[in-house]
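Make a model of the complete structure from these sequences and hints.
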Amino acid sequence: MNEKLKEKFRESISSVLPITVIVLLLSVTLAPMEIGTLSLFLMGAVLLIVGMGFFQLGAEMAMTPLGQGVGGRLIKSRHLVLILVVAFLMGAIITIAEPDLQVLANQVASIPNQVLIWTVAVGVGIFLAVAVLRIFFHISLSMLLLLFYILLFVLSFFSPDSFTAVAFDSGGVTTGPMTVPFIIALGVGFSASRSDRDSANDSFGLVALCSIGPIIMVLLLGIFYHPTDAAYAAIEVPVIATTVDVVRTFVTALPQYAKEVAVCILPVAAVFLVFQLLTKNYRKRQVLRMCVGFLYTVLGLILFLTGVNVGFAPVGNLLGSSLAEGQLKWLLIPIGVVIGYYIVKAEPAVQVLNEQVEDLTGGTVSRKMMNSALSIGVACAVALSMVRVLTGVNIYWIIIPGYILALVLSRLVPPVFVGIAFDSGGVASGPMTSTFLLPLAMGACLAAGGNVVTDAFGVVALVAMAPLIAIQIMGLIYVRKAKARTALPALDMLPDDTVVEFEEDA
18 MNEKLKEKFR
28 ESISSVLPIT
38 VIVLLLSVTL
48 APMEIGTLSL
58 FLMGAVLLIV
68 GMGFFQLGAE
78 MAMTPLGQGV
88 GGRLIKSRHL
98 VLILVVAFLM
108 GAIITIAEPD
118 LQVLANQVAS
128 IPNQVLIWTV
138 AVGVGIFLAV
148 AVLRIFFHIS
158 LSMLLLLFYI
168 LLFVLSFFSP
178 DSFTAVAFDS
188 GGVTTGPMTV
198 PFIIALGVGF
208 SASRSDRDSA
218 NDSFGLVALC
228 SIGPIIMVLL
238 LGIFYHPTDA
248 AYAAIEVPVI
258 ATTVDVVRTF
268 VTALPQYAKE
278 VAVCILPVAA
288 VFLVFQLLTK
298 NYRKRQVLRM
308 CVGFLYTVLG
318 LILFLTGVNV
328 GFAPVGNLLG
338 SSLAEGQLKW
348 LLIPIGVVIG
358 YYIVKAEPAV
368 QVLNEQVEDL
378 TGGTVSRKMM
388 NSALSIGVAC
398 AVALSMVRVL
408 TGVNIYWIII
418 PGYILALVLS
428 RLVPPVFVGI
438 AFDSGGVASG
448 PMTSTFLLPL
458 AMGACLAAGG
468 NVVTDAFGVV
478 ALVAMAPLIA
488 IQIMGLIYVR
498 KAKARTALPA
508 LDMLPDDTVV
518 EFEEDA
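If you read the sequence shown in our numbering, its first letter stands for residue 18, the second for the next number, and so on.
Please keep in mind that the hints were generated in silico from the structure rather than gathered at the bench. Remember, predicted model here, so these are calculated numbers, not experimental data. Take these hints with a grain of salt, some might be off.
[Said to hold, decoys possible] When the alpha-carbon atoms are kept at most 27 Å apart in a straight line, the in silico DSSO-like pairs for lysine-lysine are as follows: (1) Lys301 - Lys385; (2) Lys21 - Lys385; (3) Lys23 - Lys301; (4) Lys385 - Lys23; (5) Lys301 - Lys93; (6) Lys21 - Lys301; (7) Lys297 - Lys385; (8) Lys297 - Lys93.
[To be verified] What follows is a set of in silico ranges between Cβ atoms, one per label pair, in the way DEER data are often shown: (9) Leu429 - Val264: 53 to 59 Å; (10) Ala279 - Glu342: 38 to 44 Å; (11) Arg265 - Lys93: 48 to 54 Å; (12) Leu290 - Asn388: 34 to 40 Å; (13) Leu168 - Ala279: 34 to 40 Å; (14) Leu150 - Leu290: 25 to 31 Å; (15) Lys93 - Val256: 54 to 60 Å; (16) Leu429 - Gly466: 18 to 24 Å; (17) Ile417 - Leu290: 44 to 50 Å; (18) Gly343 - Val264: 29 to 35 Å.
Think of the CB as a built atom: it goes at the ideal place given N, C-alpha and C, for glycine as much as any other residue.
Next comes the structure, spelled out in structure tokens:
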């Protein structure tokens with residue numbers, strides 16, 4: 018077997034195993050399950066591991082070089098109108114193809130799927146064009162984020178409460194396993210053509226801005242669009258009597274997700290084909306490698322989505338309802354902390370971002386540092402989400418102070434940490450969040466007698482917000498250590514040829 022593929026499988030196992038063990042422990046202690054349901058979950062975990070391995074290798078082989086190639090070619094053309102049009106179209110195409118968005122749209126019963134998907138796609142397209150303008154004109158990322166978040170919160174006060182949590186969740190799910198590798202690589206391609214000192218820093222921030230667009234567009238949708246209320250029901254767990262039923266359940270679901278993934282990949286493959294025909298940017302060996310990468314990506318996404326939707330989502334909903342019904346419902350909060358700490362490690366896009374951050378910073382910001390900061394941040398976010406589910410506290414009481422703190426921190430840390438932090442917010446809330454944590458919150462909310470739209474939705478938004486604070490606090494710690502030890506260079510800009518070692522106990 019390919020050594021690189023073996024490495025990806027090992028990473029997948031280390032990411033998925035902890036959350037699997039947590040669910041197994043809960044199933045024999047606080048939330049007993051039928052053997053058939055547990056078998057469904059374990060089969061889903063296997064597919065998740067294999068799917069993540071193939072997907073991560075496929076994204077590395079295909080999506081990353083494609084994004085870098087398109088970005089580099091466009092920025093060299095210096096034709097601003099063409100650059101903005103292509104950026105808008107690419108943002109919209111990739112978003113429509115995003116599996117996470119399809120998952121969220123299916124769970125938001127009050128808004129028709131296509132209405133939500135197209136609204137979000139337009140938002141991403143517009144803000145990807147804005148992100149390109151930022152790189153083109155050297156505009157400060159922290160200043161843009163401050164302006165857009167002020168606009169966002171002003172709009173939120175005019176939008177109905179039923180849209181607020183869904184809007185913030187939309188910002189999190191749009192930057193998932195399909196969009197993140199491409200958008201990050203696009204930013205690298207744009208900034209690589211520049212030779213100034215800030216070019217590497219500017220390669221971060223595209224995901225951050227693309228996460229804002231959907232929130233603003235869905236809030237605008239809420240102001241002008243008034244759908245009828247829809248009832249939410251708990252997700253039904255299939256009846257499993259034998260191991261054959263387990264296999265049949267997954268095999269029956271495979272064609273549906275294969276079709277979804279085909280719809281995801283075809284527009285991106287078409288972009289690759291047209292780009293190669295027009296520019297001849299890649300040699301035959303590179304083209305062959307990227308085609309194999311696309312195949313790996315397709316296979317990985319099919320297995321991953323089947324595993325999380327068939328095996329993880331029903332069990333997440335069942336766990337939530339079982340824990341919230343009993344006398345020990347407040348245990349949902351510490352359980353949420355543990356689940357949040359480990360679940361972010363299982364997000365495919367997180368590992369893609371962490372690897373690219375380590376490469377672009379020359380090891381200054383390592384994958385281990387990123388994983389630790391993200392895990393701590395998401396653990397706190399899931400705990401707050403469980404508090405909302407049990408108490409019904411308005412999401413504004415958490416999200417407004419959280420974003421104010423994040424924006425204040427953005428003025429205190431080096432620019433590279435701002436870009437990494439806001440990009441991390443987008444990638445942390447991926448398919449594992451929308452297909453396990455959201456059903457968990459919905460199941461608990463229904464069992465506790467709460468309002469699903471206002472109390473359960475918003476978990477994705479809080480998970481997306483947590484890394485903004487956690488990564489920038491990591492940046493502050495770095496700055497303090499850099500000042501204390503003059504041998505360490507301040508990260509006002511990325512070092513050209515110096516690899517800075519950062520102590521892991523920071």
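Inset, instruction - Return the numbers of the hints above that this structure violates; sort them in rising order. - result: Of the numbered hints, 1, 7, 16 do not hold.
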